[in-house]
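2 protein chains.
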Amino acid sequence: MSLPELSLLGIAITIIYTSQGSYGITEPLQAALGFSLIGFISTNYLIPKLSSSFIKIGLYGKDLSKPNKPVIPESLGSVAATSYLFVMFFFIPFLFIKYLVTNTTGGGNRDDGITQIRDSDLDRFPHDKLAGYLSAILCLESTVLLGIADDLFDIRWRHKFFLPAIAAIPLLIVYYVDFGITHVLIPKFLESWFPQGQTTIELGWLYYIYMSSVAIFCPNSINILAGVNGLEVGQSIIIALLILINDLIFLVSGSFPARESHLFSICLIIPFLGVSLALLKFNWWPSKVFVGDTYCYFAGMVFAIVGILGHFSKTLLLFFIPQIFNFIYSLPQLINSIPCPRHRLPKFNPEDGLMYPSMVDYTQPTTKQLKPWITQTLELLSILKLVKLEKDIKTGRIIKNSNFTLINLILVWFGPLREDKLTLIILGLQFLIGVFAIFIRHTIGPWVFGYDNLWLTNII
Amino acid sequence: MSLPELSLLGIAITIIYTSQGSYGITEPLQAALGFSLIGFISTNYLIPKLSSSFIKIGLYGKDLSKPNKPVIPESLGSVAATSYLFVMFFFIPFLFIKYLVTNTTGGGNRDDGITQIRDSDLDRFPHDKLAGYLSAILCLESTVLLGIADDLFDIRWRHKFFLPAIAAIPLLIVYYVDFGITHVLIPKFLESWFPQGQTTIELGWLYYIYMSSVAIFCPNSINILAGVNGLEVGQSIIIALLILINDLIFLVSGSFPARESHLFSICLIIPFLGVSLALLKFNWWPSKVFVGDTYCYFAGMVFAIVGILGHFSKTLLLFFIPQIFNFIYSLPQLINSIPCPRHRLPKFNPEDGLMYPSMVDYTQPTTKQLKPWITQTLELLSILKLVKLEKDIKTGRIIKNSNFTLINLILVWFGPLREDKLTLIILGLQFLIGVFAIFIRHTIGPWVFGYDNLWLTNII
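Listed in order, the protein sequences are those of chains X and L. For reference, each letter of the first sequence is one residue, going 1 to 460 in the working numbering. For reference, each letter of the second sequence is one residue, going 1001 to 1460 in the working numbering.
Read the hints as simulated data drawn from the structure, not as lab findings. Do not rely on the hints blindly, as some may be mistaken.
To be verified - Derived lysine to any residue pairs resembling SDA-like cross-links, with alpha carbons at most 25 Å apart:
1) L:Lys-1160 with X:Lys-98
2) X:Lys-160 with L:Arg-1156
3) X:Lys-56 with L:Arg-1156
4) X:Lys-98 with L:His-1183
5) L:Lys-1098 with X:Gly-204
6) X:Lys-66 with X:Trp-284
7) X:Lys-400 with X:Glu-351
8) L:Lys-1056 with X:Tyr-60
9) L:Lys-1062 with X:Leu-203
10) L:Lys-1098 with X:His-127
11) L:Lys-1056 with X:Arg-156
12) X:Lys-49 with L:Ile-1166
13) X:Lys-56 with L:Asp-1063
14) X:Lys-421 with X:Asp-352
15) L:Lys-1394 with L:Leu-1406
16) L:Lys-1098 with X:Leu-203
Here chain X stands alone, though its shape is the one from the complex (with noise of 0.2 Å):
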């Protein structure tokens, strides 16, 4: 380790430990720092270091949208995902308070025992929430280990596709177990629907398939939105801290139960910001490694925890607007009715070092023509601008479209561009939205849904 790596692990350590006996919400928010130092240290220490072993065992990629197509490491958003683990141990007993055996008659038999005296109303959490934690760990383990499996064994889609599903299972086991609550608010605008003085619904085991949902969407949204230097990590880090100002204005202004639910989504968020930083600076254009699968399931799994157990998955959906967008935006080309080719990156141009969106081009032979209404469709598309047509001059006939992904609509909008000027916009407008979204969640939301528990409390 060089010596502003030992100086800064110096500082993480001494935040760290100054931590302790901090008044209120400053003892688990100081430390969170603190070890979000410390991951960012390793990640940044040991990336380097790794990253020739990956390319001997296979893992590596060529970065084709370079002048000369380079050899890159794959996967080394693993080295990230397991660096927040081990952080994410050493933070418990920061984060929670200690349950103190009195007496014992043996084989780790808790007799009796009583749990430290908190403070205040927040300076740590709850002993009898380790449970809910430590599962969130599991599932995040879980979640790198096939993350892992994936990267080595290119799993094919339709099985890729559910296995956060698979890595939820400890999550949600342990939900059940220790938590079990399955009923919703019903919202103001519904509340006529049904039975007078109904507030609530139970959902039951429908719940458990609500939250699965929520696990297969945040990891495979960020899978699907792929393929620009930065981009993975890069909307990691906007929905992180999208996550972190929601967080912050409940911490603020929230009620109880409120706050301590966003003050360990902040926990959680903080570390995770971290190590994705470190891994950012060597994905970011041009990339010294690219991230994996095992990165984005990881970031989406986090978010997904974070939103499940701190009951705010709704708001959550709201910051993966893009990525919704995204998915619906290329359901055309997903179900065929045009022509999709097995790649839709962005076309990197060597002469002018900028990428352009790529077409699809009916001139070619093995390319399916389009059916007439279909074609009526991508003229009024290229109206509205959500498309880019290139037609023969002599017939009108179109000839190429660009495909459709957001990278390239992006494109279409803005480009050509250079590499990093293409992530850092969709960047910036995953930013706009989300700041957009939570403004609205916080006016609208209260007057469609009757609460907010900004003042008020509530299940999801």
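Got chain X sorted already, so can you dock chain L onto it with the hints?
Same frame as chain X, but now just chain L:
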């Protein structure tokens, strides 16, 4: 899945389902059997499915003890380990009393709640032991993660030796936050050295060093006694059986807290036997798959965990006597008093298909010659039948000696042997020594230590 597999799965589910509401220890035991069966089915189903994928990504090795040195997939133990982890997730609701949240102010807050009532003192585990269980699974999952890293990257010996201690971090940290007892009972024969009336001694952080040492010892011992078809899994199954026998003795005649901790151990061991037996089916001579370091670490860590959480780690070490002997016996070569070749595996003779002890050959110019006093020691060991020597007929000089490993020693005693017979003899020896150790533990042990938690209880 084939029809027999499906019927077996049906039986497993029936066993688990009917365990609910059983009385006393029957409930967790019956569920453990059911989940063990599911672990067996899953491992047995997945290993042949995944073998070719393992070879494809470079995880394979040559079986040097076969006539044509076939290429065999390596690291398939990770499949057994992963099956175990997921089985243990689903086991949770059948193992722990549910905590029922009766009132929540939202945001995941457990304002009021009750734990389900237990029918008897042993039908399920108290809810407050859940965190310890989750930390055990976390520790195992970290072990698998680091084991896979080792199998992929071939980490150096001096580094990999400490990997299990890193994987044990979650176990130790949760022990600190959730239980934290670090005093041990003073053995009777040492009591006179302590102030009168003092029966325990506070070890403080030394106790954590002790637990780490157990976590380092068990996985590495299994990893070192290896290299013959079926030996890694075989010895793990024997150790698991010995732990099971010891647990059952406590279950039948122990007092309450010891019974509970040994029931806990049984619940971890029985599913372990399920996945291991399926793995053995493929790893037994002639092996269709190799198990890899992942399995050795995983198995060793299962034993370390039940020893630590069940507070019987001293007894546990008795079941590792052959492994401890193997280590001490290897020392002359490990410290290079006697030349240590790169591989010390027994030699396969393709003519008769039998295994012979491998030898250090002093007629080779590269082999270091022996000092006189070591020659004399070798002569003595040879008389004690602890080494095989080959001498020059004319000069009487030692020209060869067998390598110092337990495997070679068995061949010196009983060889030459076919590979499976060799494994069987080592396993038989391990079992007999273990059973004898259990006998000593419960007869001479109480006399030396002044108690036996068959009747009384103790801490370690």
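Structure-based check of all given hints:
| no. | hint | result |
| --- | --- | --- |
| 1 | L:Lys-1160 with X:Lys-98 | 32 Å, violated |
| 2 | X:Lys-160 with L:Arg-1156 | 33 Å, violated |
| 3 | X:Lys-56 with L:Arg-1156 | 15 Å, holds |
| 4 | X:Lys-98 with L:His-1183 | 18 Å, holds |
| 5 | L:Lys-1098 with X:Gly-204 | 16 Å, holds |
| 6 | X:Lys-66 with X:Trp-284 | 13 Å, holds |
| 7 | X:Lys-400 with X:Glu-351 | 22 Å, holds |
| 8 | L:Lys-1056 with X:Tyr-60 | 16 Å, holds |
| 9 | L:Lys-1062 with X:Leu-203 | 55 Å, violated |
| 10 | L:Lys-1098 with X:His-127 | 17 Å, holds |
| 11 | L:Lys-1056 with X:Arg-156 | 15 Å, holds |
| 12 | X:Lys-49 with L:Ile-1166 | 19 Å, holds |
| 13 | X:Lys-56 with L:Asp-1063 | 23 Å, holds |
| 14 | X:Lys-421 with X:Asp-352 | 14 Å, holds |
| 15 | L:Lys-1394 with L:Leu-1406 | 31 Å, violated |
| 16 | L:Lys-1098 with X:Leu-203 | 19 Å, holds |
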